[in-house]
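Asker: These protein sequences, in sequence, are chains G and A. Using our numbering, the letters of the first sequence correspond one by one to residues 1 to 345. Using our numbering, the letters of the second sequence correspond one by one to residues 1001 to 1345.
None of these hints come from the bench; they were simulated from the model. This one's a predicted model, so the numbers in the text were calculated from it and none came from an experiment. Glycine residues also receive a C-beta, built at the ideal position from the N, C-alpha and C atoms. Be careful, since some hints might not be right.
Claimed, not checked - In silico contact screen, one side only, chain A against chain G (beta carbon under 10 Å); selected entries:
| no. | residue |
| --- | --- |
| 1 | ASP1046 |
| 2 | ILE1050 |
| 3 | ALA1097 |
| 4 | LEU1099 |
| 5 | HIS1101 |
| 6 | ALA1125 |
| 7 | TYR1132 |
| 8 | ILE1140 |
| 9 | SER1142 |
| 10 | SER1146 |
| 11 | ILE1160 |
| 12 | VAL1165 |
| 13 | ASP1326 |
| 14 | GLY1327 |
What the hints assert, rightly or not - Some chain A residues well away from chain G (every beta-carbon gap over 10 Å; in silico):
| no. | residue |
| --- | --- |
| 15 | ASP1131 |
| 16 | PHE1138 |
| 17 | GLY1242 |
| 18 | LEU1260 |
| 19 | GLN1263 |
| 20 | ALA1268 |
| 21 | GLU1278 |
| 22 | GLU1291 |
| 23 | TYR1300 |
To be verified - Label-pair restraints from in silico Cβ distances:
| no. | chain 1 | residue 1 | chain 2 | residue 2 | range |
| --- | --- | --- | --- | --- | --- |
| 24 | G | LYS25 | A | GLU1244 | 57 to 63 Å |
| 25 | A | ASP1247 | G | ASP183 | 57 to 63 Å |
| 26 | A | ASP1046 | G | GLY283 | 26 to 32 Å |
| 27 | G | HIS26 | A | GLY1283 | 43 to 49 Å |
| 28 | A | GLU1244 | G | GLY283 | 29 to 35 Å |
| 29 | A | GLU1308 | G | LEU147 | 42 to 48 Å |
| 30 | G | GLU308 | A | GLU1251 | 50 to 56 Å |
| 31 | G | ARG275 | A | ARG1292 | 47 to 53 Å |
| 32 | G | LYS207 | A | LYS1178 | 56 to 62 Å |
| 33 | A | GLY1283 | G | ASP183 | 42 to 48 Å |
| 34 | G | ASP326 | A | ALA1208 | 49 to 55 Å |
| 35 | A | LYS1033 | G | ARG264 | 53 to 59 Å |
| 36 | G | GLU286 | A | GLY1283 | 29 to 35 Å |
Chain by chain, the residues run as shown.
2 protein chains.
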Amino acid sequence: MMNEQLNMEESEDTKLVDNALVKWKHLYDDELKNVDKFIVENIDSDASLIINIISHILSSGGKRIRPILTILSAKLCGYEGDRHVSLATAIEFFHTATLLHDDVVDESSMRRGSPTANSVWDNSASVLVGDYLLSKAFQIISRDGSLKVLRILSDSSAIITEGEVKQLMATNDLTTNKEQYIDIISSKTSQLFVAACQVGAVISEQKAKNEKALESFGRNLGTAFQIIDDTLDYSAKQEQLGKEIGDDFREGKVTLPIILAYQRADKAEKRFLERSIEWAADGLQEKGDFERAVSIIDKYDVLEDSIETAKEYANRAKQNLSIFPDGEIKQSLLDILDFSVSREY
Amino acid sequence: MMNEQLNMEESEDTKLVDNALVKWKHLYDDELKNVDKFIVENIDSDASLIINIISHILSSGGKRIRPILTILSAKLCGYEGDRHVSLATAIEFFHTATLLHDDVVDESSMRRGSPTANSVWDNSASVLVGDYLLSKAFQIISRDGSLKVLRILSDSSAIITEGEVKQLMATNDLTTNKEQYIDIISSKTSQLFVAACQVGAVISEQKAKNEKALESFGRNLGTAFQIIDDTLDYSAKQEQLGKEIGDDFREGKVTLPIILAYQRADKAEKRFLERSIEWAADGLQEKGDFERAVSIIDKYDVLEDSIETAKEYANRAKQNLSIFPDGEIKQSLLDILDFSVSREY
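With the rest of the complex left out, here is chain G (with noise of 0.2 Å):
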């Protein structure tokens, strides 16, 4: 069998997982290793390319936040089943499809410190392969049987590719406002997160208020994670710890430290981000520029000032849980939340 192939191992950069997954990894290992299994077992085709891409993709260390969320809100919800490790995977399918594709848009050749499958392989495979694991998500949903599920994912996956459109629509363009910002990320990023959390509900047969509860809680808790994640593409303390820092820059991404930095900038400083931003896909950016760039930003205050926004969301999403009974699952929720907006890495 092919699918005895699919390389599964973790790779090192999995093991040094954030804390807040270590510590309470104990409420959801069982289920993990199962999503892995599952994810085995539904990888089953005969052409390699298929296997060695998603082993490629899946070994090369990815937090795996969203199927630990479906398993987290599951639980909950005092969920008792195993649906959720199925569709876990489904999330999981989709998110790891998300990836391929961004590689081909955003035209990558790293991610996570590894080449990715578009610069190892090419962009056809990696197109392809994401439309196969899109399929298998589709085909989990199907076999768990959840209409409302469906609607949810298929809904979802309109969404979020749509947030990316609108993404690539605001690439060089600096008259992208924050809630413009907000809304793409709101679509690309938390739609995602949302569906992850609100699956949890949906199989506990929840009442509408703590379904809601989850999907608000997503959604900010999504927020909250791409702000942070937009702001370590121009932090020095990630360039210290040997992150490659700078991509967004490079790729004339329009994010939030761009946003407020060119608020704030004097004329001048304005001047030069309107030739290394609107013209970077023209190659006119020069060297130094992302280093000027980032001066900028630091003389403004303005990553201090996106990680006050992350952190209103993650106040937000605080806020969503407290409905939830106290006890170890809400604790780890509120962990991973609180980790999202303090992670340096």
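Position chain A against the provided structure of chain G, taking the given hints into account.
Answerer: Frame of chain G, contents of chain A only:
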């Protein structure tokens, strides 16, 4: 509303639709207009890029053969509801998504005489708008509410993508044999014909025997259709009609004409095919190579034999319909089948 901008005007090319489709237009025309209306209603994004690309691709002259098959299959089964309209739209969305992604995979710049979306916009836009259409297809299925239809479409989607990956792996590989070729096209092309026909039976709640017959009809029709498509890419008659030919050859695709030519070629011809097909990706094709390939294909009557193979599948498809009562609807399907193997353009 942005969606009012969706341009659904038919191109000249669409108006010159094939005889069989024109002849039986009265059987499906009302429904096809409703499909168009349904498309406009469903593509309601405020991202102008989505509207522009979908307008571009939908107005650039497809035959709409897949949604027509869903409509006619449903009618053959005596269906009288309106689910066939929304599901035919979902089938067309799947097909359009596949076209967008294929253009990235094949690095095509022209399709049906119009520039492809990825040449007018870029790969990013084609990937993301393709994903958007896939999501929209699953949204439609979710609203239709049949888990059986979901299973058919999600299984088909996985099979189609797997077929495309296998085609990618077979590119430049002259060891690909006829059986492997049929397996690839049966997945990548026929499977959506299967789904299009099968859905018609499923919503009509036909007994298993009839559903199975329409499923087989779709598979055999799709296989015949693709073999002819692959044959036309080497046809002098096509060239006389002003169509571009030779795309498959230039991309190093190993389709039936090349497989048969390679089997029958003498030593020198084999060496030539090895250089020009196996090394196509490395730019080792030379001026005049395509013409030499065509002369080898002509020498060994390869096109005639390919068309013969297509006709065998068409005959099987004809047999598949024998259990249905004679009448206009059945005749329209048989005429579409006949057209598929006799078309010259």
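Asker: Each hint should be assessed against the structure and marked as holding or not.
Answerer: Evaluated hints:
no.	hint	result
1	ASP1046	holds, 8 Å
2	ILE1050	holds, 6 Å
3	ALA1097	holds, 8 Å
4	LEU1099	violated, 12 Å
5	HIS1101	holds, 5 Å
6	ALA1125	holds, 7 Å
7	TYR1132	holds, 4 Å
8	ILE1140	holds, 8 Å
9	SER1142	holds, 5 Å
10	SER1146	holds, 9 Å
11	ILE1160	holds, 8 Å
12	VAL1165	holds, 5 Å
13	ASP1326	violated, 36 Å
14	GLY1327	violated, 34 Å
15	ASP1131	violated, 4 Å
16	PHE1138	violated, 4 Å
17	GLY1242	holds, 29 Å
18	LEU1260	holds, 24 Å
19	GLN1263	holds, 24 Å
20	ALA1268	holds, 32 Å
21	GLU1278	holds, 17 Å
22	GLU1291	holds, 27 Å
23	TYR1300	holds, 31 Å
24	G:LYS25 <-> A:GLU1244: 57 to 63 Å	holds, 58 Å
25	A:ASP1247 <-> G:ASP183: 57 to 63 Å	violated, 41 Å
26	A:ASP1046 <-> G:GLY283: 26 to 32 Å	holds, 31 Å
27	G:HIS26 <-> A:GLY1283: 43 to 49 Å	violated, 56 Å
28	A:GLU1244 <-> G:GLY283: 29 to 35 Å	holds, 32 Å
29	A:GLU1308 <-> G:LEU147: 42 to 48 Å	holds, 46 Å
30	G:GLU308 <-> A:GLU1251: 50 to 56 Å	holds, 52 Å
31	G:ARG275 <-> A:ARG1292: 47 to 53 Å	holds, 51 Å
32	G:LYS207 <-> A:LYS1178: 56 to 62 Å	holds, 59 Å
33	A:GLY1283 <-> G:ASP183: 42 to 48 Å	holds, 45 Å
34	G:ASP326 <-> A:ALA1208: 49 to 55 Å	holds, 54 Å
35	A:LYS1033 <-> G:ARG264: 53 to 59 Å	holds, 54 Å
36	G:GLU286 <-> A:GLY1283: 29 to 35 Å	holds, 33 Å
When the structure is compared with the earlier hints, violations turn up for hints 4, 13, 14, 15, 16, 25, 27 and for no others.
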